[in-house]
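With chain S fixed as given, assemble chains U, Z, P, C and Y onto it according to the hints.
There are 6 protein chains.
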Amino acid sequence: MYICVLFGKMIHITRKESFNAAHKLARPDWTDAKNQEVFGKCANPNWHGHNYNLYVTVKGEVNPETGFLVDLKWLKVIINKYVVDKIDHKNLNLEVDFMKDKLASTENLAIAIWDELLPHIEKEGAYLHSIKLYETDNNYVEYFGN
Amino acid sequence: MYICVLFGKMIHITRKESFNAAHKLARPDWTDAKNQEVFGKCANPNWHGHNYNLYVTVKGEVNPETGFLVDLKWLKVIINKYVVDKIDHKNLNLEVDFMKDKLASTENLAIAIWDELLPHIEKEGAYLHSIKLYETDNNYVEYFGN
Amino acid sequence: MYICVLFGKMIHITRKESFNAAHKLARPDWTDAKNQEVFGKCANPNWHGHNYNLYVTVKGEVNPETGFLVDLKWLKVIINKYVVDKIDHKNLNLEVDFMKDKLASTENLAIAIWDELLPHIEKEGAYLHSIKLYETDNNYVEYFGN
Amino acid sequence: MYICVLFGKMIHITRKESFNAAHKLARPDWTDAKNQEVFGKCANPNWHGHNYNLYVTVKGEVNPETGFLVDLKWLKVIINKYVVDKIDHKNLNLEVDFMKDKLASTENLAIAIWDELLPHIEKEGAYLHSIKLYETDNNYVEYFGN
Amino acid sequence: MYICVLFGKMIHITRKESFNAAHKLARPDWTDAKNQEVFGKCANPNWHGHNYNLYVTVKGEVNPETGFLVDLKWLKVIINKYVVDKIDHKNLNLEVDFMKDKLASTENLAIAIWDELLPHIEKEGAYLHSIKLYETDNNYVEYFGN
Amino acid sequence: MYICVLFGKMIHITRKESFNAAHKLARPDWTDAKNQEVFGKCANPNWHGHNYNLYVTVKGEVNPETGFLVDLKWLKVIINKYVVDKIDHKNLNLEVDFMKDKLASTENLAIAIWDELLPHIEKEGAYLHSIKLYETDNNYVEYFGN
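Those protein sequences? They're chains S, U, Z, P, C and Y, same order as listed.
Residue numbers for the first sequence follow our numbering, so the first one is 1 and each next one is one higher.
Residue numbers for the second sequence follow our numbering, so the first one is 1 and each next one is one higher.
Residue numbers for the third sequence follow our numbering, so the first one is 1 and each next one is one higher.
Residue numbers for the fourth sequence follow our numbering, so the first one is 1 and each next one is one higher.
Residue numbers for the fifth sequence follow our numbering, so the first one is 1 and each next one is one higher.
Residue numbers for the sixth sequence follow our numbering, so the first one is 1 and each next one is one higher.
Chain S with its partners taken away, still in its complex shape:
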């Protein structure tokens, strides 16, 4: 399952961050009635919003010198710089460059967050394992990169 060659032991480490954002689920090429029919109250033209909880899991070998896979302070900075700062207290449909021209579903947002973080995680020599994104306490999405 893992294509990386490990001489040591594979560990997974996860960091949780949060953000609050507005969105709506509606296609601009559909009528309001069609959007309402497909997306229900999530299509409200005046927006609604969520407290999203984001869990980023990276994996790789433990560095024997530090006992760390990656420095969590670094991981926190990366997630905030490339994701949270761009979407916290924002409108996902109108203001987020990496969601441009995409439906603002939790599924699409999780995939977009993966694409934003991947190069920065890999540059550090770790593997991005998964993005887990809670829209509410009762719904979450996971993406493993393919």
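Simulated from the structure, these hints should not be mistaken for lab results.
Do not take every clue at face value.
In this list, chains with the same sequence are indistinguishable; a pair is considered to hold if it fits within one copy or across any two.
In silico lysine-lysine, DSS-like type, Cα no more than 30 Å apart, as pairs [as the list claims (entries may be wrong)]:
{"#": "1", "residue 1": "Lys-9", "residue 2": "Lys-102"}
{"#": "2", "residue 1": "Lys-86", "residue 2": "Lys-9"}
{"#": "3", "residue 1": "Lys-73", "residue 2": "Lys-123"}
Coordinates of chains U, Z, P, C and Y only, in the frame set by chain S:
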């Protein structure tokens, strides 16, 4: 502390409900710059949103016939009919009648929810004790009616 | 509000314990149809059950010698000996002496737990402040002793 | 690991639902003493119960038209119709058709829920990935279908 | 109960912050054996530690201009500057000025945090209502200032 | 993915336990300045600590006689005897035999816990699937044994 006359024992019972809404903190009579200065990123003109958690506490005597203070199914219906259905997946600034002409702060929202629920709770012969409203896991407001 | 005379500072301390129990809400002097009408699915004659979470709050002065109000290990033992061991994995309607002849509502259970614990807490020189009992994550009852 | 052919990206989406039920762990072909010895207090003949939390995870490609894997409103309806409505406020040993002649362990319940949901999920063109079932906050079972 | 004169409506607002610290419960004027007898494993001379969760509740009138009781960003800064920065990743017995010469119990820590925060909250024109301090998920202390 | 031969259905079962411990992240062969530079406030020579939450997942076939994969009471005993009792209210750097000469990172602790538990789980005929260890609510590590 309680002004009601109780012949039995006073009990408090709490029901939790949730809703998701968009809002912004901004006064229409202030410039964008002034709103930004006072409210920070909460003033974003394109809105942001939250998963609000609402705890409604009522108090009174236990009915010896049922062992209930009030029927929780009834309390759930009242909270949903008079509050949640009016604000879930809505824009607190634009679409909620009982927030009209008010700043959409958690404080004002908790007070407005109290005012909405009070007559319906009292009609049932119970006392409304408190509204506790979480905006995020780290912030909440409580209102006791005066 | 507090009738005790304190020479030091009043502190509240809370211990959480849990138990799992079966119950039904039904009066033996009512017909099944009447019970069903009043209590809905909670009246199911074949029982249902819950993971109850119990929060016991005691209050009083901090003992300057130990920095404790009461020893939490002692409080844990008291709650388990006089409450949890009698109701965990039990049927609240059939097997719990202090619920005999009472409707097995959360309200009545909280009051009965207060009555069970009060003498043991007072014997230790502390005040029992409240019993908070969660039936589910969305419903809880609080009792302050009068 | 996945036997489905995906032209797009695989996403996992999870919906949480809850139910309260009574049960006991006891084999009818064993004596009470034997049941007590093997299952301990879980064998109490008068039943006990739990608030179960159920997480259903489905996987598949995101529909480019809606940004959804599946409509969560639909998933919620399916889980409630085929599982929750049949076991909520019920006795797992006596009243649930799909638990008939099975020991009412969390393991067996998770497998039975998988079997109930599988045809309805597949009919919608999605894959059922896992059933995760919490009996208490400290114990849970996961089943991946084989 | 409230000695303040309010022309408007009283609201309570709570901010949660967290910190991790080491401590032990042991009196320097007692022998190890005596400390072990009274404090049990909490007296371990080599220390143990906790993730503490701190809830600070302030109360007062809502400012009609902002819809705020106090600015939560300000409250967060105050709590971090005067409390969290002084105790996070620290040893409560050895390194925290406001715990000097005190037993490092949760009770004493909650009272000391009250004393640290009170002047800064009052300077802002709000009232400090309570300090709620979780040592673990199962134990917490509340202090109301007298 | 699973190398075991199963005639029945594979189930995963997880038990959560908790412990409180002190630690620091610092190499004895580095200067304080170097440790401070690499590990930040986690290198505090006077220690800090955490409430760790430990999730142990075992997998295997359900025993048709009991409906159990393993008896959770047994799993609880094993985890407490071989892990929790050795590290609860302890100093991970100074007092835990299986952490001797290792950096007390969450990664290393999770791997060491795996090594401690593996023989006892296998002796029971089950497979150890994963160790999931929360250091705080925002950080956790998972180890799958290779």
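Going through the hints against the structure:
1. Lys-9 - Lys-102: For Lys-9 and Lys-102, only the inter-copy Cα distance (15 Å) is at most 30 Å; the intra-copy one is 38 Å.
2. Lys-86 - Lys-9: Result: close only across copies, 24 Å inter versus 34 Å intra.
3. Lys-73 - Lys-123: Only inside one copy: Lys-73 and Lys-123 sit 16 Å apart there, 34 Å across copies, limit 30 Å.
Of the hints listed earlier, there is not a single one the structure fails to meet.
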